[in-house]
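Visitor: The residues making up each chain are set out below.
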Amino acid sequence: MTEENAYENILEMRNITKIYPNGFMANKNINFSVRKGEIHALSGENGAGKTTLMKMLFGLEKIDQGEVYIKGEKVDNINSPMDAIKHGIGMVHQHFMLVDKLTVAENIVLGIEPRKFGVFTDLKKAVKMTQEVAQKYNLNIDPYEKVGNLSVGSKQKLEILKALIRGVEILVLDEPTAVLTPQETDELFKELIEFKKQGHTIIFISHKLREVKELCDRITIIRAGQVMGVYNVDEVSEQDISRLMVGRDVILKTEKGPAHPKDVVLEVDSLNYTNSEGVKILNGINFELRAGQIMGIAGVEGNGQSELIEIITGVTKYNYGKVILHNQEIKNKSIRQIRDLGMSHIPQDRMKRGIAANCSIADNIVSDRYQKKGFSGKFFIHPQKIAEVSDKLIQDFKIFCSSALQPIGSLSGGNIQKVVVARELSSNPSVIVADQPTRGVDVGATEFIRAELVSMRDAGAGVLLISADLNEILELSDSIIVMFEGEIVAYFPDSSTLTEEELGLYMLGLKKMNAEQVSFQV
Amino acid sequence: MGDKLRKVNLLVDLTKVLLTIFISLVCVTLLILLVSKDPMKAISAFYLGPFTTLRRFSQIFQLATPIMFTGLAVTIMLKAGLFNMGSEGAFFFGGIGATCIAVNMSMAPGIHTIAALLAAAVFGGLVGIIPAFLRAKYDINELVVSIMMNYVMISISMFILNYYLRDMSVSARISKPFPESAVIPRIFGTAHFGFVIAVVVAIFVYVFLYRSKLGYEIRISGSNGLFASYSGIKTLKVIVLSQVIGCAIAGLGGGVEVLGSYKAFSWEGATGYGFDGMVVAIIARQNPLFAILAALFMGYLRAGADIMNRTSDVALEVISVVQAIMIVLVAAEAFLSKWRHKLTVKKAGITKEASAS
Numbered sequence: 013m014t015e016e017n018a019y020e021n022i023l024e025m026r027n028i029t030k031i032y033p034n035g036f037m038a039n040k041n042i043n044f045s046v047r048k049g050e051i052h053a054l055s056g057e058n059g060a061g062k063t064t065l066m067k068m069l070f071g072l073e074k075i076d077q078g079e080v081y082i083k084g085e086k087v088d089n090i091n092s093p094m095d096a097i098k099h100g101i102g103m104v105h106q107h108f109m110l111v112d113k114l115t116v117a118e119n120i121v122l123g124i125e126p127r128k129f130g131v132f133t134d135l136k137k138a139v140k141m142t143q144e145v146a147q148k149y150n151l152n153i154d155p156y157e158k159v160g161n162l163s164v165g166s167k168q169k170l171e172i173l174k175a176l177i178r179g180v181e182i183l184v185l186d187e188p189t190a191v192l193t194p195q196e197t198d199e200l201f202k203e204l205i206e207f208k209k210q211g212h213t214i215i216f217i218s219h220k221l222r223e224v225k226e227l228c229d230r231i232t233i234i235r236a237g238q239v240m241g242v243y244n245v246d247e248v249s250e251q252d253i254s255r256l257m258v259g260r261d262v263i264l265k266t267e268k269g270p271a272h273p274k275d276v277v278l279e280v281d282s283l284n285y286t287n288s289e290g291v292k293i294l295n296g297i298n299f300e301l302r303a304g305q306i307m308g309i310a311g312v313e314g315n316g317q318s319e320l321i322e323i324i325t326g327v328t329k330y331n332y333g334k335v336i337l338h339n340q341e342i343k344n345k346s347i348r349q350i351r352d353l354g355m356s357h358i359p360q361d362r363m364k365r366g367i368a369a370n371c372s373i374a375d376n377i378v379s380d381r382y383q384k385k386g387f388s389g390k391f392f393i394h395p396q397k398i399a400e401v402s403d404k405l406i407q408d409f410k411i412f413c414s415s416a417l418q419p420i421g422s423l424s425g426g427n428i429q430k431v432v433v434a435r436e437l438s439s440n441p442s443v444i445v446a447d448q449p450t451r452g453v454d455v456g457a458t459e460f461i462r463a464e465l466v467s468m469r470d471a472g473a474g475v476l477l478i479s480a481d482l483n484e485i486l487e488l489s490d491s492i493i494v495m496f497e498g499e500i501v502a503y504f505p506d507s508s509t510l511t512e513e514e515l516g517l518y519m520l521g522l523k524k525m526n527a528e529q530v531s532f533q534v
Numbered sequence: 024m025g026d027k028l029r030k031v032n033l034l035v036d037l038t039k040v041l042l043t044i045f046i047s048l049v050c051v052t053l054l055i056l057l058v059s060k061d062p063m064k065a066i067s068a069f070y071l072g073p074f075t076t077l078r079r080f081s082q083i084f085q086l087a088t089p090i091m092f093t094g095l096a097v098t099i100m101l102k103a104g105l106f107n108m109g110s111e112g113a114f115f116f117g118g119i120g121a122t123c124i125a126v127n128m129s130m131a132p133g134i135h136t137i138a139a140l141l142a143a144a145v146f147g148g149l150v151g152i153i154p155a156f157l158r159a160k161y162d163i164n165e166l167v168v169s170i171m172m173n174y175v176m177i178s179i180s181m182f183i184l185n186y187y188l189r190d191m192s193v194s195a196r197i198s199k200p201f202p203e204s205a206v207i208p209r210i211f212g213t214a215h216f217g218f219v220i221a222v223v224v225a226i227f228v229y230v231f232l233y234r235s236k237l238g239y240e241i242r243i244s245g246s247n248g249l250f251a252s253y254s255g256i257k258t259l260k261v262i263v264l265s266q267v268i269g270c271a272i273a274g275l276g277g278g279v280e281v282l283g284s285y286k287a288f289s290w291e292g293a294t295g296y297g298f299d300g301m302v303v304a305i306i307a308r309q310n311p312l313f314a315i316l317a318a319l320f321m322g323y324l325r326a327g328a329d330i331m332n333r334t335s336d337v338a339l340e341v342i343s344v345v346q347a348i349m350i351v352l353v354a355a356e357a358f359l360s361k362w363r364h365k366l367t368v369k370k371a372g373i374t375k376e377a378s379a380s
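Chains A and B, in that order, give the protein sequences.
Under the working numbering, the first residue of the first sequence carries the number 13, and numbering increases by one thereafter.
Under the working numbering, the first residue of the second sequence carries the number 24, and numbering increases by one thereafter.
Source of the hints: derived by calculation from the structure; they are not laboratory data.
From the three backbone atoms N, C-alpha and C, an ideal C-beta is built for every residue, glycine too.
Be careful, since some hints might not be right.
As the list claims (entries may be wrong) - Mimicking SDA-like on lysine to any residue, the simulated pairs with C-alpha atoms at most 20 Å apart in a straight line are:
hint, chain 1, residue 1, chain 2, residue 2
1, A, Lys390, B, Phe227
2, B, Lys236, A, Val401
3, A, Lys329, B, Phe227
4, B, Lys361, A, Asp76
5, B, Lys365, A, Val401
Claimed, not checked - Have a look at the derived ranges for each label pair, beta carbon to beta carbon:
hint, chain 1, residue 1, chain 2, residue 2, range
6, B, Phe106, A, Ser45, 43 to 53 Å
7, A, Lys113, B, Ile152, 49 to 59 Å
8, B, Leu259, A, His338, 25 to 35 Å
9, B, Tyr174, A, Asn339, 49 to 59 Å
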């Protein structure tokens with residue numbers, strides 16, 4: 013055991029099983045092993061159990077059954093990220109764990125601060141430590157910059173540095189490219205290959221096959237909580253991987269005929285919004301959405317898309333400019349009045365804004381219409397009518413549940429999203445705001461939801477689609493606008509020939525159209 | 024899967040309540056053994072006392088009545104996601120409201136009672152308006168305001184009692200006696216028809232929460248306020264109305280209590296029923312129908328403790344020990360959670376497969 017090569021795998025997870033309190037079995041008897049110095053891909057559909065497995069490794073979730081071996085030795089005391097780091101395991105999460113108000117150097121040394129006189133944080137030393145580690149790994153970052161001012165790509169760099177400075181040997185990256193533009197992704201890959209050269213081991217969680225092919229040595233594929241196989245990446249094709257991940261040949265190509273745009277249903281005219289902290293979020297936004305059209309809004313998260321959606325749906329009030337829905341300005345209308353005009357909204361975060369988890373599926377389905385005729389009288393609701401409608405939607409949208417009275421919180425993420433989509437698409441809307449409609453949803457449900465959106469378009473609704481998934485935006489949209497720093501920097505009336513790379517240049521702010529090009533005036 | 028899971032949750036919840044009751048009773052028994060010179064006598068008075076005579080038995084219902092009202096009041100507000108502790112003040116103020124009508128007006132029997140109880144509900148509802156308004160308008164935490172309001176409401180009540188309702192012919196600070204026409208008639212022993220009213224209100228609250236539009240809005244807003252507003256529900260309205268209705272029920276409880284159990288308004292300070300309502304609502308797991316059972320159980324414990332207090336050397340305060348233990352155990356999410364997880368794992372049907380492979 014004292015010899016360096018006494019173990020074949022630097023990390024081994026044996027027979028791992030994890031069941032969540034709601035009864036969902038996220039991992040079933042998983043065996044996962046990683047060799048020293050490789051980049052190992054962990055792939056599977058959303059909800060397949062990749063993140064769960066890594067969370068257990070990192071001490072964020074308890075292992076129900078199974079064992080973990082690091083460098084050939086059994087480890088059974090990983091109860092917190094601190095324990096994991098002690099064992100040389102670091103993780104970069106999809107959502108960054110950084111303190112925006114502190115500088116880069118302060119974030120780096122958080123928890124391991126160099127001390128002055130035993131009490132004060134030695135900031136000079138912190139800066140020096142940051143520069144040293146950044147130099148060692150050839151990462152370019154300013155130690156004095158406030159983290160809140162960093163781009164997403166730099167924040168990710170910082171997260172990686174945070175792990176490296178703690179002496180981490182195994183680095184877990186959870187879908188690191190999800191928030192990056194193609195250009196930032198290229199840079200990340202160069203860095204990762206550099207780490208590999210320096211002897212680090214990397215676990216790369218991703219379901220983007222092209223990236224796996226480009227970067228990784230081996231791949232473990234997980235489907236529905238079970239391992240489907242471990243392969244050398246250059247010995248399997250993208251099609252093979254895809255089939256193993258999904259269990260059938262899926263073509264994530266949504267059937268879609270040409271659009272037939274009609275009248276303008278939603279018009280946004282020189283919209284400006286400054287938030288309560290005085291930060292200008294939206295600056296002169298202009299666009300039109302027509303009936304029978306899917307308009308995609310592309311952009312790196314945090315460039316004003318969320319705020320724009322909240323304003324259009326009436327959650328946030330705007331400062332100046334106009335939002336006109338069916339020829340009526342919505343500024344002084346309540347959310348219900350806006351919904352009654354035909355607006356429907358699939359919110360980004362379903363657990364926070366899309367459902368009431370303790371209430372039944374039926375209760376959640378009628379939340380936008382319980383007050384309408386048929387569903388209730390002056391004081392009382394009509395349970396029979398509600399049951400009828402919920403049962404029908406459960407059937408139509410293939411929601412997997414035991415009955416409409418089951419608490420919605422006990423369903424899987426994909427089924428919860430189907431309930432939200434069922435509600436929002438069944439109210440006969442003329443404008444649908446779909447914010448990340450397929451995030452964290454399995455392939456089957458994704459296909460289904462996308463097809464539903466297209467059929468709503470064909471039936472004459474205008475769809476505003478916001479997605480971090482470039483593939484989804486390109487696949488579904490008829491026209492695309494790109495947002496960068498609160499402005500529309502590009503408008504493609506016909507997006508059928510647009511590529512991800514081209515879109516990426518605009519999303520990053522490297523390219524920008526002039527006012528005339530983004531104008532909707534014909 | 025969903026069905027199995029529901030059964031697991033029901034089983035665990037039920038076991039949790041029963042185990043909670045059991046543990047707290049064991050603790051009380053041990054406590055009695057420790058402090059009493061004649062523990063067997065005290066223990067038998069506590070557990071069996073309420074069943075020895077009809078009069079003692081009737082006490083269970085009498086004592087369950089006020090806490091059922093406050094329990095239901097708390098239930099409605101908790102369902103709306105609000106921690107309003109104002110049912111104490113509302114209960115007290117409701118008692119004064121009922122007294123005002125009872126002693127200052129003369130009406131036909133029955134009608135007099137109903138008028139007095141309506142006044143009690145209105146007075147109670149008034150108490151709910153202030154924290155509700157402050158929360159809805161300025162987002163001021165209702166917990167703090169409602170607790171402070173309790174002292175204010177009790178003082179205002181004492182003022183009204185002193186200057187408008189007081190019986191000057193006696194030295195104690197009590198109201199003029201209630202006329203026969205306003206008193207709530209007895210069923211048997213000391214149990215009065217207020218108990219029946221409480222049960223009717225419990226059923227009303229159930230129907231209200233699960234069958235009415237406003238009840239629906241309350242449940243959705245309480246489960247997820249952000250989602251409710253995204254759906255177009257006016258959450259401010261829900262915040263105000265749920266507290267007004269909740270406090271009105273507490274106020275009605277105060278009216279029922281004074282007209283059913285007293286000859287005149289004679290409270291001198293907080294009754295404690297408001298906080299007991301919290302216990303009832305929590306033990307009943309916010310279900311209005313379970314609140315009936317929870318209140319009866321609490322009534323039984325109180326009747327027993329009262330008898331033990333009178334016939335042995337153990338004081339009434341023992342009951343607070345039971346209550347405290349029960350609250351801690353019922354509120355403790357982690358209590359039995361391992362067992363719940365184990366059952367869930369088992370129901371998911373994997374242990375077998377995993378060990379087989």
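Visitor: Run every hint past the structure and note whether it holds.
Guide: Verification of the supplied hints:
1. Lys390(A) x Phe227(B): 17 Å, holds
2. Lys236(B) x Val401(A): Within the cut-off at roughly 17 Å; holds.
3. Lys329(A) x Phe227(B): Not satisfied, since the Cα-Cα distance of roughly 39 Å exceeds 20 Å.
4. Lys361(B) x Asp76(A): 11 Å, holds
5. Lys365(B) x Val401(A): 36 Å, violated
6. Phe106(B) x Ser45(A): 43 to 53 Å: The hint (43 to 53 Å, Cβ to Cβ) holds, given that Phe106(B) and Ser45(A) are roughly 50 Å apart.
7. Lys113(A) x Ile152(B): 49 to 59 Å: With a Cβ separation near 40 Å, Lys113(A) and Ile152(B) fall outside 49 to 59 Å, so the hint is violated.
8. Leu259(B) x His338(A): 25 to 35 Å: Holds, at about 27 Å.
9. Tyr174(B) x Asn339(A): 49 to 59 Å: 55 Å, holds
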